[in-house]
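Q: Sequence:
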Amino acid sequence: MSYILRRSSRTTSFVRGQESLTLVLRAGLRTKSDSAPLPILDIPKSNIYRFGDAKNPVFHDIEWTIQDGESWAVVGSGSGEKTTLLETLIGNLRITPPPPHGLFPFSTKDPHNTVSLVSFSHRPRASGSSFVDYTARYGAKWEEDRITLRQSMFPETLPEFARRDNRHGSVKEMSEEEKASFEALAKDLDLERFLDLPVIALSNGQTRKARILKALLRKPEMLVLDEPLTGVDAATRPILLSLLHSLHASKNPRMILGLRNQDPIPDWISHLVVLKGGGRAISGRRGDVEGSLGAGGHSHGHGISHEGLDAKERPEENVGSGGTEKDKERRVVVEMRNVNVKYDDRHVLKDINWSIREGDRWHLQGPNGSGKTTLLSLLTGDHPQSYTQTPPQSHLHLFSLPRRKLATAVIATRVGVVSPEIYNAFPRRKGMSVWEAVGTGFDGGFVPRGVKGVGLGLSGGLREEEEVWRVGRVREVVRALGPSAWSQLANSRHHTQEELGALDHSFSQRPFADLSPGEQSVVLLMRALVGKPPLVILDEVWSGMDDLMVESSRSYLRRGGVGEEQAVLVVSHWEEEVPWGVEDGVKRMKLEGGKGFES
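Numbering (this note's numbering), first residue to last: 69 to 667.
Everything labelled a hint here was simulated from the structure, so no lab data went into it.
Be aware that a few hints might be false.
[As the list claims (entries may be wrong)] Restraint ranges, calculated between C-beta atoms of paired labels, are given here:
(1) Thr456 with Asn492: 23 to 29 Å
(2) Gly359 with Glu533: 56 to 62 Å
(3) Glu241 with Gly359: 51 to 57 Å
(4) Glu245 with His415: 49 to 55 Å
We treat Cβ as the ideally placed atom computed from N, Cα and C, and that holds for glycine.
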């Protein structure tokens, strides 16, 4: 496969041909003057390979030069090309021939100490291929429940007697200058007040900011942040981006950002690489790239000025869900009355009253730390305090039964979930196919079961008619959400139904672990929907998907991918990410400070 390279005077675009990706990522030519400053990054026309594969370059004839004073963002979703390109900078791929002056000519340090990558786009490689129990954060022993963010991630800031704890081993004491820097960064990231709270009480967004702080403490000369805005609420985004700009401007450290198509591009970014999927890309000065893309190009997300509810739309607090007479005819899927969750004296959720009925479409909103993740863990039965909601003080009913009377295994078959926790926890075993990954959704497990890969049911065996239905259902969701709906190949020319069916069948047999992050996200959406559960939870469901994947998935959900007997809860900071609108009867539950406001 080859690539056709099309040049203009200031930007470079790429069209896929037959084999590998050709990129020329340069805003300008490097001068040969001895007085010219050394480039920050310099890859002069090289191929890039995965280790162990010397024949098939991931990128072919790549040229990328970053000059001092430039601010770069790499934009792309779904295909994994963005993350692969960024991982090249930390030595995870082989550059051939190697850059003659090193990958980072400006630095005299060991390259491994020059650049640090913090990725929020996919599961860390260190976590391996097996299942990761994401519910352990809720069910840990009481002693472990009390481990704070400071103890877990920043033990060097603890007093000397605490640092001698065997848990931390030998931890170097911070200098006064380092302490001052740490305190200033923690304040800028709004983490100061969370440092001494239990880790299990923190939101995904707060944990992500803590990872950025941890990376900054290592003092890299360049920090590469892949999808730093994922899961960060609208109010926090401009604060975080302002801090990153300040650090980049002071070169302490320099920054390269990896962004999704829907993310807002910060004003201070001067140069862009936009990976279009299917081996197409465009790069150069930001204005030139945006002009080349035009109206049909990269969507700059929702913008950091996105507003929440207007004052006139301000809902009443904890009004419950009495609803209309028509509402009351539909079966209640979830009922919460005065539900509370707290750790010691700190309330994470306070007096939540909420009813979810068949056919409901809900949008759950709230800033980072408002209690969304904890609320979802009650709906899935994963949180140990879901058992303690008992009358008359409070109650939690799932599917018309008190939570304490429902086995967690039963709940798993009745709630289909897509979430960052599921994405990170799901095993990447080489032997698991897409078909088998989807099939785990029937029983809510993480290991394929049954000869046909569609589970064995709660009783350990399926009736023939049940097995036939499950097999047909896997085929149905793979056909509806598979590559025949979103791949470049399927959209490039007319195909017969047989050809499209063959495309989806081939996809269903691929190893799940070999898929791109976007493809894995689509498969986990299939998994959540395949069993037609009464409750579907879509938490950051579009993360990692490219535009065609999002468009086809939204269309499927709207045109009947979930039935009128199913309730759907979408968790997102943006109303535009909800497949349904007000005209479809979407309701909103907004959390603020652990309290719920319904409209």
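Q: Looking back at the numbered hints, which does the structure fail to meet, lowest number first?
A: Hint 4 alone not satisfied by this model.
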